[in-house]
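Chain R: place on chain P using the hints.
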Amino acid sequence: MRNIILDNVCPFVNGKFGKPTKMYLVDGKWANGAPEGTPVVDAQGALAIPALFGLGLDFKEPLRDDIYTFKDGVAAMTRGGFYGGLYESSANAIDDSLKLAAIQQISAKYGLSIAFLGAFSMGYQCKDLSEMVELADAGVVGFGDGNQDCSRTRFLRLAMEYGSMTGKRFFFMPLDDSLRHHGLVHEGSYADTLGMKGIPRVAETIAVFRILEMARFLKVPVHFKQVSCGETLKLIERAREDGVDVTCDVDIYHLILDDSCLFDLNSLDNVPMPFRSAEDREALWKGLESGVVNAISMNHDPVLAQDKEVNFEDAVPGAVSLETALPAIWKPLSERLGAARAVELLSTAPAQLAGVAPSKLSEGERADLVLLAQDSPKTVEASMFAGQVWNSPLLGKQLPSSIVGTYINGNWTEV
Amino acid sequence: MVVRHKGTGVPKFLADNSKAIIVNAGDGAHEHPTQALLDMLTIEEKLGTLEGKNVTIVGDIRHSRVARSNLWGMTTMGAHVTLCGPSTLVPRNTELMDKVTWESDVKKAVKDADAIIALRLQKERMDDALLPSMREYRNTFGITHELLECAKDKVLIMHPGPINRGVELDSEIADGEHSVILDQVTNGVAVRMAVLYLLAGGRANA
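So the protein sequences, as listed, match chains P and R. Here my numbering is used: position 5 in the first sequence is 12, and no number is missing along the way. Here my numbering is used: position 198 in the second sequence is 868, and no number is missing along the way.
Hints in this document: simulated from the structure, not taken from any laboratory. Computed from a predicted structure; not experimentally measured. Yeah, the Cβ is synthetic: ideal placement off N, Cα and C, and Gly gets one too. It cannot be assumed that every hint is accurate.
To be verified - Sample of chain R residues at the chain P side, in silico, Cβ under 8 Å:
no.: 1; residue: P802
no.: 2; residue: E806
no.: 3; residue: N809
Okay, chain P solo, but in the shape it has when bound (with noise of 0.2 Å):
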């Protein structure tokens, strides 16, 4: 549906709520009108939010496409009311233009704003370097590890060295695989008392302090994805004040869950980046509060039921996360943070990150919104998930607020 009019809604315009008013969403405009006949909503009330940019998107195709495909990630992304996003595979390294290509020209039916992190090494495997410079030039934003461990220290310094022609950020989920050692949740008492193999804070700290000393070395800027410990954002800060341009993300889940979740033996917990402490959870929130963590990520990485439906130990890692972040994430943070830095770090910042246009609500401008039911609780369904998977660690958990519906590049989509 192309128009609708959402009456009784509260939009987010400079920075606040406005009171309740009629909003006539036209041609993927908020205009001061809509033509004869078009179907009107009640919103009850509800929050017209700036839609969102999820950092971290993964949707498989074409090398993974059994799994997941772009239309999944297109339809997850309009049901949780996401207009961009930053996509990197770790299935499919965008290391060569061929490659770029194929992927835009996938992305471009869909008319969302998604921006594509290059592969700085060919297929993630830290050998050879990719074409960087080709690849800047076809318009990647920046460039990526895929996730995995660059463990070659002299070769993170030559593709660092040779990508900082393009003037492009490299972006990294910061965690040494030799320390990793099998691990798979965070090395604390609930690990040791599971008697799991756990994943120390120092394989983050050691991972990031390396790439610091090698961004201050090269003056190249570095973005850390997904980090989990308050020591990092120690780590950040320091450098940040001696001058390194240095960003960071916190995963959505790593702001709701820790690893007490881990006696649940839930095998959806599972997941790259292991749930920390309640201790470095908080720190994550403050990191927020600060302004130290720049945004909040998405990380969207889908998974088959079947590589879900085993023990914990035995489980493929990963989250889908879109359809559900806003209504987990919304009221604790927008209460703790206020409403503007909540829109500030689901939207806008990730957005800036990816050097995409922010979405913002203005009456004749173009409008991406997303409409949510601050207090009308829902419980996760495998239903809610687009595409054939339903990797959430919010499974059967209920959210504080509920999406209605989202209007994304001019349509209007019922949740």
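Chain R alone, transformed into the frame defined by chain P:
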């Protein structure tokens, strides 16, 4: 004794420890003095002088003894030298080489050049992960017809040889009107004859 060696400083070591007259024919990535002499002679022949001329050297500066000898020789003779190459193939610490200009954008580097020296790209640089491919090198730093559209009409094109045609230098440029590469070869014979002649003349400090 004419010495070419992979180790920096070997000619000096021999000179310090022998009564023989030593000619450095290239030591590591340090110096290649006779190449610089023949390059300077070629430019002087074509342009009349080095004084005030702009010379741009493009390529693997980090591993190039030709670039190092030329930057000292040419700046001494009054030329302005610009060095340009991929960030993995240029030195990072250039404080002691402050008489030259470092430029990462090859189009800017060649814009005001009176002479452009393209350096040979060793294939080993790809194996060592210093570059992704010959293809991207050519597209980014290769001396091509398109690149020369950014340069002066009468710019000289030089190369120490042997050329990787289609990599650092396109054939149409290497064999074209701007090229003085064959003059470099001819002058190389003359310069080296002169060096040997003068040194064999018994003047130990020549």
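How the hints compare with the structure:
About 4 Å separates the beta-carbon of R:P802 from the nearest beta-carbon of chain P, less than 8 Å, and the hint is met. For R:E806, the suggested interface contact is upheld, since its CB lies about 4 Å from the closest CB of chain P, less than 8 Å. A cut of 8 Å between beta carbons decides the hint on R:N809: the least distance to chain P is about 7 Å, and the hint holds.
Of the numbered hints stated above, none is contradicted by the structure.
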